[in-house]
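**Q** In the numbering used here, the protein residues as written are 748 to 1016.
It is possible that some hints are incorrect.
Claimed, not checked - Calculated cross-link-like contacts (lysine-lysine; reagent style BS3-like; alpha-carbon spacing at most 25 Å): (1) K995 <-> K935; (2) K780 <-> K792; (3) K882 <-> K833; (4) K923 <-> K985; (5) K882 <-> K786; (6) K915 <-> K1006; (7) K959 <-> K833; (8) K995 <-> K1015; (9) K985 <-> K935; (10) K923 <-> K792; (11) K882 <-> K792; (12) K915 <-> K985; (13) K967 <-> K923; (14) K1015 <-> K967; (15) K995 <-> K832.
Said to hold, decoys possible - Simulated DEER-style distance windows between Cβ atoms: (16) E879 <-> A791: 14 to 22 Å; (17) K959 <-> T931: 14 to 22 Å; (18) S1009 <-> N827: 34 to 42 Å; (19) S1009 <-> A783: 35 to 43 Å; (20) A791 <-> V829: 19 to 27 Å; (21) A905 <-> K959: 37 to 45 Å.
Calculated from the structure, these hints are not laboratory results. Ideal Cβ placement from N, Cα and C applies to all residues, glycine included.
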Amino acid sequence: MVMQFQRWVGKLAVAVGLSLAFIANTNAEADPKLWAVMKEAFFAKREMKEVDFIKIEAPKRAESGAQVPVTYSIDRAAANGVVIKKLYAFVDANPIPLTATYHLTDALGDFQLSTRIRFETDAYVRLVGETEDGKLYLGSRVIRAAGGCGGMVENNEAEIRAAAGRIKMNVEAPAKFGTPTVATFNIKHIMRTGLQRDLVSQGYVPAFYINKVDFAYDGKPLMTVDVGVGTAEDPYFKFSFIPASAGKLEAVATDNEGKTFSQQYDVKI
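Construct the complete structure from the given sequences, taking the supplied hints into account.
**A** Here it is, written out as structure tokens:
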């Protein structure tokens, strides 16, 4: 596990460096050439097929690069037997391009998830789906947005720390046995990227962010999200799952400093 983690850190460092180099030499238009470099950094020589069954819904132009709404979905019928177990979400031109990794289970049914992400400049959103046997599939979408990763910030550290980790969770009623049911999760957190500068000192503000959320239903894994700093402030996930019976939806989140936050919701059928 340690060696695997080190390899991923190395890939991330390469991708970040290449992304920054490209950004310094391109205008604001989304640059399709970035993906070839990013793909090689994260997936080396592995074959990847571009498909229509991995979908991204988003505004063509976002009001704010700090809060860009997106919806990811996988059409199982159109996938024709391809079952995605892991979904990597990238924003090509971000300094840290991997915004999140979603570990999926069959209990999610036809996967659909809404969230909010950050953009440093106009870019492609790339979703890479991976099957259990390691096959890779790609969906892409261009979005115009800017200014969400760096910039100047003025923070009240005491207030930020006091509010961090407050969770709101809900399941739409009425839930029905064997039927997709919508859950929403929202956790209060500043999600500092480590690329922002303090307005007073002009120095970089240390990264402080949620890095993982585990969802379970009646003690069984539902979905795990490896969260990156490309996820917007106050991380939000809205997704469907299929409850087999009345039970308890549980979310456990951790941050990069090792703190843990949790919430439970009783689902009545």
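**Q** If a hint holds in the structure, say so; if it does not, say that too.
**A** Hint check results:
Taken as a hint, the K995 and K935 pair is honoured in the structure, with Cα atoms around 22 Å apart against an allowance of 25 Å. As the CA atoms of K780 and K792 are separated by approximately 17 Å, the hinted pair is consistent with the 25 Å bound. For a cut-off of 25 Å, the pair hint linking K882 to K833 stands: about 10 Å separates their Cα positions. Between K923 and K985 the alpha-carbon distance is near 18 Å, which keeps this suggested pair within the 25 Å criterion.
Note on K882 and K786: the hinted pairing holds, with a Cα-Cα distance of about 14 Å set against a maximum of 25 Å. For the hint pairing K915 with K1006, the CA-to-CA distance comes to about 17 Å; that is within 25 Å, so the pair holds. The hinted pair formed by K959 and K833 meets the criterion: a straight-line CA distance of about 15 Å does not exceed 25 Å. A hinted pair counts as satisfied when its Cα atoms are at most 25 Å apart, and K995 with K1015 qualifies at roughly 9 Å.
Restraint check for K985 and K935: the C-alpha separation of about 15 Å stays at or below 25 Å, so the hint holds. Between the alpha carbons of K923 and K792 the distance comes to roughly 44 Å, so the proposed pair goes past 25 Å and is violated. Proposed proximity of K882 and K792 is supported: the alpha carbons are some 12 Å apart, at most 25 Å. Of the pairs offered as hints, the one joining K915 and K985 holds, with about 12 Å between alpha carbons and a cut-off of 25 Å not exceeded.
Distance restraint check for K967 and K923: the Cα-Cα separation of roughly 18 Å lies within the 25 Å cut-off, and the hinted pair is therefore satisfied. Taken as a hint, the K1015 and K967 pair is honoured in the structure, with Cα atoms around 17 Å apart against an allowance of 25 Å. Between K995 and K832 the CA atoms are separated by roughly 23 Å; this keeps the pair inside 25 Å, and the hint holds. Between E879 and A791 the Cβ separation comes to about 19 Å, which falls inside the hinted range of 14 to 22 Å.
Evaluation of the 14 to 22 Å hint for K959 and T931 yields a pass: the beta carbon distance comes to about 18 Å. Separation of S1009 from N827 is about 38 Å and conforms to the stated range, judged on CB atoms against 34 to 42 Å. S1009 and A783 have their C-beta atoms about 41 Å apart, which keeps the hinted 35 to 43 Å range intact. Separated by about 21 Å at the C-beta atoms, A791 and V829 satisfy the suggested range of 19 to 27 Å.
The given range of 37 to 45 Å is broken by A905 and K959, whose C-beta atoms sit roughly 25 Å from each other.
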